[in-house]
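Number of protein chains: 4
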Amino acid sequence: MEIILGPTQYGKAETRIVRIYRDGPEHQIRDLNVSTALRGDFDDAHLRGDQERVLPTDTQKNTAYAYAREQGVDEIEGYALALALHFVDEIEPVRAARVDVDEYLWERAAVGGQPHPHAFVRSGREIRTASAIVKGGGGSVVVWVLAGLRDLVLLKSTGSEFAGFLKDRYTTLAETHDRVLATSLTARWRYVRPDGVDFDATYADVRRLLVERFAAVHSLALQQTLWEMGRAVLEAHEEVAEIRLSAPNRHHFLVDLAPFGLENPGEVFHADDRPYGLIQCAVEREGAPPAGPSWEPPACFA
Amino acid sequence: MEIILGPTQYGKAETRIVRIYRDGPEHQIRDLNVSTALRGDFDDAHLRGDQERVLPTDTQKNTAYAYAREQGVDEIEGYALALALHFVDEIEPVRAARVDVDEYLWERAAVGGQPHPHAFVRSGREIRTASAIVKGGGGSVVVWVLAGLRDLVLLKSTGSEFAGFLKDRYTTLAETHDRVLATSLTARWRYVRPDGVDFDATYADVRRLLVERFAAVHSLALQQTLWEMGRAVLEAHEEVAEIRLSAPNRHHFLVDLAPFGLENPGEVFHADDRPYGLIQCAVEREGAPPAGPSWEPPACFA
Amino acid sequence: MEIILGPTQYGKAETRIVRIYRDGPEHQIRDLNVSTALRGDFDDAHLRGDQERVLPTDTQKNTAYAYAREQGVDEIEGYALALALHFVDEIEPVRAARVDVDEYLWERAAVGGQPHPHAFVRSGREIRTASAIVKGGGGSVVVWVLAGLRDLVLLKSTGSEFAGFLKDRYTTLAETHDRVLATSLTARWRYVRPDGVDFDATYADVRRLLVERFAAVHSLALQQTLWEMGRAVLEAHEEVAEIRLSAPNRHHFLVDLAPFGLENPGEVFHADDRPYGLIQCAVEREGAPPAGPSWEPPACFA
Amino acid sequence: MEIILGPTQYGKAETRIVRIYRDGPEHQIRDLNVSTALRGDFDDAHLRGDQERVLPTDTQKNTAYAYAREQGVDEIEGYALALALHFVDEIEPVRAARVDVDEYLWERAAVGGQPHPHAFVRSGREIRTASAIVKGGGGSVVVWVLAGLRDLVLLKSTGSEFAGFLKDRYTTLAETHDRVLATSLTARWRYVRPDGVDFDATYADVRRLLVERFAAVHSLALQQTLWEMGRAVLEAHEEVAEIRLSAPNRHHFLVDLAPFGLENPGEVFHADDRPYGLIQCAVEREGAPPAGPSWEPPACFA
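Residue numbers (my numbering), protein chains in the order written: chain S, 24 to 325; chain A, 24 to 325; chain C, 24 to 325; chain R, 24 to 325.
A couple of the hints might just be wrong.
[As the list claims (entries may be wrong)] Quick list of simulated restraints, FRET-style, between CB atoms: (1) A:Pro288 with R:Asp295: 22 to 28 angstroms; (2) R:Asp295 with S:Glu130: 48 to 54 angstroms; (3) R:Gly135 with C:Pro48: 33 to 39 angstroms; (4) A:Gln94 with R:Ala281: 33 to 39 angstroms; (5) S:Thr199 with C:Gly315: 35 to 41 angstroms; (6) A:Pro288 with R:Asp64: 49 to 55 angstroms; (7) S:Asp97 with A:Pro320: 42 to 48 angstroms; (8) S:Gly135 with A:Gly219: 24 to 30 angstroms; (9) C:Asp295 with R:Gly135: 56 to 62 angstroms.
Since the hints were made in silico from the structure, they are not lab data.
Using N, Cα and C, we set each Cβ at its ideal position, and we do this for glycine too.
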């Protein structure tokens with residue numbers, strides 16, 4: 024049985040680009056971490072060490088910089104898509120390109136209560152994400168665009184239960200009807216099609232809905248909360264085909280203060296590090312276009 | 024020449040306490056990382072393995088939990104001080120205690136535009152810090168209280184120069200009159216005395232001043248910006264004896280786009296990781312009480 | 024178009040288990056980070072908040088501990104497989120289970136040149152990994168077992184070229200026939216079948232081959248080096264069906280010392296952090312059983 | 024009461040230098056992370072934004088590179104000292120310089136059982152450290168040289184007790200006469216004087232002694248173990264004036280398996296993350312030269 028080359032992929036990861044718009048007195052900032060990855064006809068590079076068809080990762084980095092200047096970064100989804108299309112359309116051996124962008128968010132510094140025109144403070148802890156995947160070549164391409172966020176840390180101090188669960192011989196967990204529920208949310212959603220979407224507005228509204236549902240749903244389990252969060256997004260946004268949510272259950276354990284003669288009616292908790300529950304689900308729109316490679320990991324074999 | 028035991032210290036580091044106040048329908052949250060450290064008459068533990076005078080670090084953790092319930096965590100400075108005083112006053116062999124607290128900040132989740140009573144989102148990236156150091160015993164103690172922040176990430180996209188510097192044979196840096204200035208600020212300040220200070224209000228105002236001065240000062244060097252930031256704090260806050268600022272210069276390098284036929288008038292930057300400049304300074308109030316052990320590292324020999 | 028629940032998965036991540044064998048005077052240690060994940064008939068938990076069929080993640084953790092005692096951890100592949108089979112065989116609603124194990128390696132402390140019976144030093148930086156995936160139920164299951172490593176940091180100070188590559192308008196990279204080549208390797212391989220494999224011996228030999236080929240192959244590109252590394256593994260190990268390699272190109276840039284009147288004939292380098300190239304490839308044995316879910320990410324939607 | 028500038032310091036942190044020696048067919052590698060910091064007459068930079076006396080941190084980085092070429096990096100202590108002396112001797116406003124070096128250790132890749140001449144594998148997890156501090160100017164300087172290590176992870180699976188400790192109302196810890204003792208050791212030692220020391224040989228032997236004593240001492244407390252480790256170093260090495268040890272107590276908690284009908288005679292542990300005990304002590308040689316600034320934190324106000 025012969026030994027053969029399987030799928031391959033290569034690119035430049037984590038190019039840290041800061042794009043300043045300084046057209047008027049009020050500057051804008053977009054602070055990005057850009058990763059590009061290409062697939063295609065690169066077997067000779069592996070099998071024979073022949074680089075003739077290999078566009079260097081250094082060139083991919085240069086292209087990311089140049090596109091930040093030329094195309095600009097009005098919205099990260101559009102920037103990612105333009106870059107991915109470039110690689111498939113203009114670099115002959117490329118059959119598929121993927122561009123992933125993390126965006127770090129900033130707000131204007133306040134001076135005397137007024138937003139400053141060119142000074143900024145990193146805001147929030149969540150990171151906004153976007154991915155564009157383009158397959159094809161020869162003038163015909165298929166495109167997937169995803170948006171998302173990660174490190175959105177949420178906590179509710181009541182309104183969460185966990186009871187009535189399956190028990191086996193290894194079960195020791197007590198049921199509870201009032202616990203702290205906390206997570207660091209990762210959410211990613213794919214668009215039905217990228218044309219005509221106001222990515223910034225959709226991002227803001229999806230984030231709003233996720234936070235609102237997390238807060239407002241009386242939680243019987245993190246599973247149920249995630250479903251309700253995802254469903255609310257799809258109900259409000261027809262342009263979204265599917266959303267996937269990944270939520271570590273960051274356990275907050277009630278500390279036993281009885282040995283010190285103290286009650287602890289849900290007031291003092293130990294925030295534990297590891298292990299943690301990890302709950303994940305997808306919410307889909309029936310009849311939406313197929314996901315294709317949307318949910319493959321960006322670094323394909325890591 | 025004999026071999027002897029030098030200074031020693033021990034304690035419990037990074038107890039992750041979440042304190043919920045649920046007195047009414049509107050909950051409050053204080054999310055802490057608490058480290059305690061004791062010095063005193065502990066030579067026998069080292070030299071003879073005799074633990075008779077050693078209060079276990081596990082007990083220190085328990086005490087931190089119990090104090091979060093009994094004393095509460097109205098302000099982290101007060102909580103840290105109460106805990107440090109306890110160890111010095113009530114544990115016989117303890118001659119000095121230090122309590123360091125990091126506080127992770129939360130804001131209320133918004134639902135329908137209204138703040139939710141018991142759901143929260145981690146806000147901002149800066150971490151608020153407090154330290155209390157108590158020395159003494161036998162009824163007489165001396166006390167130092169410090170407050171601070173770290174990971175306050177600031178950037179200005181213009182209004183920063185670096186020119187006219189000393190040059191030697193290893194100097195290649197070009198002078199610039201317009202650059203991006205960015206840092207992740209650590210600030211710590213010590214109070215003249217802890218009595219009567221509104222710690223939460225002072226924290227908020229010091230943070231405001233630091234951001235305002237960073238934004239408003241036309242920077243000739245990060246050194247000068249730091250001095251102006253510190254001076255503004257001491258001018259506005261008589262209760263602050265001294266502030267120390269540590270600011271990595273997070274370099275943003277202008278990308279050379281000329282090879283691609285593009286100008287780059289301060290628009291596309293590479294945000295570099297390492298190395299980074301590190302600029303540090305203290306701003307002091309003449310005649311303030313002595314700093315004592317205020318600026319010793321928390322983990323004394325790390 | 025209706026909104027429906029898509030794929031779901033849940034489990035307990037990063038249970039840190041240390042298993043000591045103390046049967047004789049010479050102890051053994053296996054230091055693990057265990058993550059379990061289940062799929063199956065859990066829709067009611069999401070859609071209705073009904074936990075009746077949900078085995079708590081806390082129970083999964085308990086099971087991992089109990090299996091470390093009962094089954095032991097002779098080899099992490101066998102331990103992972105036993106645990107995954109348990110969930111599919113004995114927990115009714117489970118249709119698939121995945122167990123991922125990281126193992127941190129230790130060596131015996133040397134005392135007087137002799138290995139100590141119960142004192143250990145963490146060795147090396149690479150982490151050994153294993154995954155077991157079981158699908159099925161009702162007595163009929165399909166099984167995949169993977170092994171691997173990550174954080175194996177390799178460098179060669181010569182014997183690496185990069186030249187003759189594709190150039191476009193964004194290419195500025197100079198060709199080189201002598202550069203530093205460095206990576207932090209992730210490798211994962213799947214077994215044709217798990218029965219009869221000596222996992223510890225295979226692990227040791229695969230690691231040996233990967234290091235040897237990295238060292239010995241004159242590299243025309245990291246792509247070619249990876250192929251040669253993977254091929255050597257499959258040639259030597261018939262029990263391996265496929266190996267996937269992911270290798271960041273940790274760039275070492277020659278420092279320009281000419282401004283200081285110094286030559287730099289490949290002696291002083293700047294080890295850069297970001298961006299980095301990321302080269303990935305699979306090497307497969309034709310006719311091997313299908314990969315099934317082997318290469319899906321462990322946390323399915325992260 | 025006037026507001027004045029206090030102590031200041033600035034420098035370039037974390038310059039990642041890799042120095043290859045390629046004089047013969049067998050290459051050598053030294054892989055460094057170098058931080059420089061200067062103190063002196065820099066008030067004008069802060070108070071007036073005047074850089075006339077400020078040597079840029081970029082120049083400090085260049086100097087570190089150039090010295091790696093010119094002076095070489097035979098031993099990191101000598102390299103650090105040469106660099107610190109340069110700044111004090113040759114840069115007029117500098118009154119004190121500190122250079123901290125981390126060294127990442129590599130071993131030769133084995134090919135066919137033989138060490139390869141130019142391929143390397145990162146070895147071990149501990150990081151070797153060195154610091155040189157020079158004060159003075161005008162031809163007269165005082166010098167301190169320190170060596171050390173960090174991230175040396177040690178564990179013993181028996182031979183450790185903790186009992187007979189002080190109890191107060193917050194004490195719940197059970198006494199134990201057989202526990203797992205584990206730490207990630209930081210050690211730093213200062214030399215009586217740097218002249219004539221074989222730094223590489225001393226490093227190797229100090230590391231050996233630390234591991235040996237950790238293993239061989241029957242531990243009644245981590246405090247006692249640290250003292251015995253430090254004492255052994257000073258007894259064997261007259262050139263060492265003082266050693267300081269910082270040891271997190273990485274708690275390994277015995278898992279309660281009784282609910283599953285299983286005994287757990289010291290076999291299955293949970294390796295906890297936080298909180299952790301933190302035990303620190305110094306061991307000194309009486310009559311040694313004064314420590315001066317040796318134990319100040321490198322980043323003075325962080």
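Results of checking the hints against the structure:
1. A:Pro288 with R:Asp295: 22 to 28 angstroms: violated, 54 angstroms
2. R:Asp295 with S:Glu130: 48 to 54 angstroms: violated, 37 angstroms
3. R:Gly135 with C:Pro48: 33 to 39 angstroms: holds, 36 angstroms
4. A:Gln94 with R:Ala281: 33 to 39 angstroms: Distance hint for A:Gln94, R:Ala281 holds at roughly 36 angstroms.
5. S:Thr199 with C:Gly315: 35 to 41 angstroms: holds, 38 angstroms
6. A:Pro288 with R:Asp64: 49 to 55 angstroms: Since the Cβ atoms of A:Pro288 and R:Asp64 sit about 37 angstroms apart, the hinted range of 49 to 55 angstroms is violated.
7. S:Asp97 with A:Pro320: 42 to 48 angstroms: Because 46 angstroms falls inside the window, the suggested range holds.
8. S:Gly135 with A:Gly219: 24 to 30 angstroms: About 28 angstroms separates the Cβ atoms of S:Gly135 and A:Gly219, which means 24 to 30 angstroms holds.
9. C:Asp295 with R:Gly135: 56 to 62 angstroms: violated, 33 angstroms
The structure shown violates the earlier hints numbered 1, 2, 6 and 9.
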